[in-house]
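Put the two chains together into one complex, using the hints given.
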Amino acid sequence: MKGLQIVVLGSIVPDPLQTLEPITGPTGPALKNEMMLPAVLDPWAGHALYEAANLAKKVEGKVTLVALGPKAKLQQVMMNVAQKVPFEIVVLDGPASGFTDAAETAKALAGAVEKIPGLDKGKLLIFGGWQSASRGTGAVLQMVGELLGITDQFQGVDEIKVSDDGSFTVLERIEGGSYQQSSCQGAPAVLGWATGNLPEPPNNPQVGMANMRLIMPALQKAAPAPLKGEGLRYQSVEVPSQRRETRIVKNASVDDIAREIADWIKA
Amino acid sequence: MKVLFLAHTEEGGSLGKAALEALGAAKGLGGELTIGLYGAEVQAGADSIAGCGATKFYGVAGADFASARYGSDASACEAIAKAAGADVIVMPATARASRVAAGVAMRLGAAVDTRLTGLEAVGGTIVGTRWFYRQRMVGRVERDARPWLVTVDSGCFDACTAPGTASVEMLSATVATRTVVTGIKSPAADAQTIRPEAKLLLVAGAGWGKSQPDGQKHLDEASQLILGLLSATQCSLGSSKSLVDQSGDGGALPFLTHMHQVGQTGSTPRHAKGLATCCHGEEPHVVGWRFIGERRAVNLDAGCGWAQGKADVLYVADAFAVVNKVVELLK
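Going line by line, the protein sequences match chains A and B. By the working numbering, the letter at position 73 of the first sequence is numbered 428, and the numbering carries on one by one without gaps. By the working numbering, the letter at position 59 of the second sequence is numbered 82, and the numbering carries on one by one without gaps.
Bound conformation, chain B alone (with noise of 0.2 Å):
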């Protein structure tokens, strides 16, 4: 079996973490392992894996392979998992290698699978792990087709590093489009709220915008101490789909914005902690932090189907006090 491990570089030509974990998974298939990398450079990348025993390294680089941008982007991929013959491509689940995965499968007459958390070969047969209907059921899968292109979910897989030097066969690739990437719009560093690389995953629950026991709404303070447990412990920033909207609507905390959701119609986040606060809800909701390692939860109702079976720890207890103090003992 033939396994083609193929990704984009970051800046300077390194390879990201996402990248090291979907060289982890191809790597854990077993058969001959091809390397094929794109970017600006991808000399730095191959480098930093020459010694995982891949037989062979390809590359397309250049300029116009410098940003993330479906018509250069599947031309290179195309180019280089026509030229490796693999039976199995690996990709990481970035948003860039995202963008193109599914199409340069349709281009190459390939099966395609998207998103995997799990990737093993079990007695010749390759078995991928996925999550359905927003992360509410798992399955494992099976393919007939070869080739077969796969993207493996970051925090799924150990990272592989194995410094050396590569040699590697660079490959051209013609680019068609009509697009050009302008800009990068990222949030100021001191105004950062969504942190994928962060331990601590915070959960705002629609609790924060709601009539507190004066009567009065108190959104001042609430953003005041979301921002303060931000800033004190470098989190990560989600919130339920009912505290986005009403923010939206001008009736919440002015910094979230859809980006920040989290659960059936939002994003379900990695990271090894979550601390969820005024967060309400059964199950369809609670997704959100499904990949979430340890839980804690923090609101009124003993009950809640939020935390019940689903965080580790319970305080039943006003989240705005209790917030407040933690950013104190923070500081």
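Bound conformation, chain A alone (with noise of 0.2 Å):
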């Protein structure tokens, strides 16, 4: 099937090498120095960008990335992605903490989804991570599917094998490292996406310049998209101080350590 229109959602999260310290703020927890962290991408968010990427070549598609989060940090971030692989790009301009609401998160998008221009939901795939490094509830997806009207939905993704008549199969990952294999009649259908196969791809300057051509107008004119957060309350949030008295074992025979490593795995 040709033209595929594949929208990809994802935002940006702090750095996974930064230390991260919650604070309560003006509207509830938040994270010390936010704005000052560094960003990327969200990992599996980027995953599902670079699988898109990869099918949108194969079936002549185009994909959109639709991010949630703050535009100063997404234009700091996108110099990189854009890099990457080739993309149009829809902003709100909103949070993108993990302390915000799903539900919320989830209506902004598929508002933003829906607004896309030339959209035909015949041929739309929506994409994105089945988990993120920052909220992780795996539950946007699910509620921009249905609030689309798309009840094809897979999570877990590592596969899609898309045929010439439209129709694809989709790996997914269950439990105790297992996949189920589906097969579905075509689009429209949410796949949230775990590691996909795909590396990163390598920087591409030419990429970037042209995706940059098309995201510079697009943050300027990002929605806002402010998330209230209204009915929910955090009543704490914590590092957990979970620091365990660490005994060293040194020097003590390799023969020693095993045995008591044996007698701990048997006990």
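Worth flagging that the hints you see were computed from the coordinates, not collected in a lab. Built from N, CA and C at the ideal position, the CB exists for glycine as well. Careful: at least some of the hints might be erroneous.
Claimed, not checked - For each label pair, taking beta carbons as the anchor points, the in silico distance ranges come out as:
| no. | chain 1 | residue 1 | chain 2 | residue 2 | range |
| --- | --- | --- | --- | --- | --- |
| 1 | B | 354 | A | 504 | 52 to 60 Å |
| 2 | B | 192 | A | 576 | 50 to 58 Å |
| 3 | A | 565 | B | 141 | 45 to 53 Å |
As the list claims (entries may be wrong) - Partial pick of chain B residues on the chain A-facing surface, computed with a CB cut under 8 Å:
| no. | residue |
| --- | --- |
| 4 | 125 |
| 5 | 157 |
| 6 | 223 |
| 7 | 242 |
What follows is the structure, encoded as structure tokens:
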């Protein structure tokens, strides 16, 4: 099937190597120095974006990234992401915090998807991460699908194969390192990606320049998406104090260490 | 307060461990308990918890609901939830239930929170505990909205079993889907390396793929040792992202996939014990064994951030030699 419209939902998260500390802000919990923390594209959204671009190349499709986040931070991150694969972007200027409500986020994203010019739901695949490195609820994609009336949904996807007639097969992760294999008659569908099978594409400055021609205007006309979090209250948010008293065993023989470990495993 | 425990059945109509634990969480809230089950068959599952104190049992069953599929599962859950009219809906965070929980909440106009690790009623207020930013911080949340649909993680609540004979009111649900589940791809039993039910998690770190004192990489030996320990203990295997990435590039252990990855960009499995080998790194990487009970580590750096303050015992030794000997002792 040619001309698939692949919409990737994804946003930014703090660089995983940063130390994160929660604080109480005026609207609820937040991260200390959140706007100062270096950000990256959420890893699962990244997998979804790269898989989308790979599929789009095969089916002569188009990829649109719909991102909800602070547009200044999004602009910084897009300078790098834009060099990876070709895509267009729709920006919603709002919080990308892990403490926002998944349903509110889903409503904002679904509204933005509906407004994509030339959207044809018969050719629509919604991609995104099945988890995220912020809220990690695995809830937003399902709700966006429901709001768009899409009832063929897949989560934990590592592979999609699209046939010429538009039907496709999907591998979804399930428990115990197994996959569930499904076939679907075709778009529209929602796919929440796990890691997929593709490596991160190398930077391509030409792709970056072409993308940024569209990304910068999109950032400038980003629609505000304030998420109010009404009815959601946090009693507390804290970094767990789980420091353990570590017994360090140095200069012991391999035999002694192995025996102690074997006894511990058997106990 | 009306509480609905909503879960899918397994093959043969029984309820899995995660479902029974979710029932324990639902019961812990107090209130009027209703049971809702869906799957190919539900009577056996209902009978296994008939004495749990529920006032009503609903079921959606049939061939259409045998497989984990969004369109059919969401319809079944929606039908049960609407019939039950509950204030709080508790589901297990299995792969199957997690695939539909948020979508069902949207259909019901319900609030939703997933993967709770705690759920309690405190003075008339229901409070859920969940983790944020990949298990790096924990929060307690409450909601005004009802219904409130939650999924609860396995390993956090006591399982509830109360066998008897249940009278189940069967409901019908309209299936709207263009999806067919065609099969399950599982590794062969002797090649199984991810075992959620195992007592022990073995975490293999990047050190297994690095050059050893002789200046050479010993990937074949590393593979044999790791698989030997897996075979001897029937433990589950997790790995750091760096080793998985090396393996994907053909540079390390051939049996590792991204499904083994634990930590910031992987899973955070729950096991009673964890043995980390050749793992290094600081807090962002260590979240992979956040939910491991007893933790021990073997590596060559006594000051390693992976173990200091996070493991109960750190053995400063060559993991190749130690694991080789452990396998011998456990054979």
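Each hint, compared with the structure:
{"no.": "1", "hint": "354(B) <-> 504(A): 52 to 60 Å", "in the structure": "holds (58 Å)"}
{"no.": "2", "hint": "192(B) <-> 576(A): 50 to 58 Å", "in the structure": "holds (53 Å)"}
{"no.": "3", "hint": "565(A) <-> 141(B): 45 to 53 Å", "in the structure": "holds (49 Å)"}
{"no.": "4", "hint": "125", "in the structure": "holds (3 Å)"}
{"no.": "5", "hint": "157", "in the structure": "holds (5 Å)"}
{"no.": "6", "hint": "223", "in the structure": "holds (6 Å)"}
{"no.": "7", "hint": "242", "in the structure": "violated (20 Å)"}
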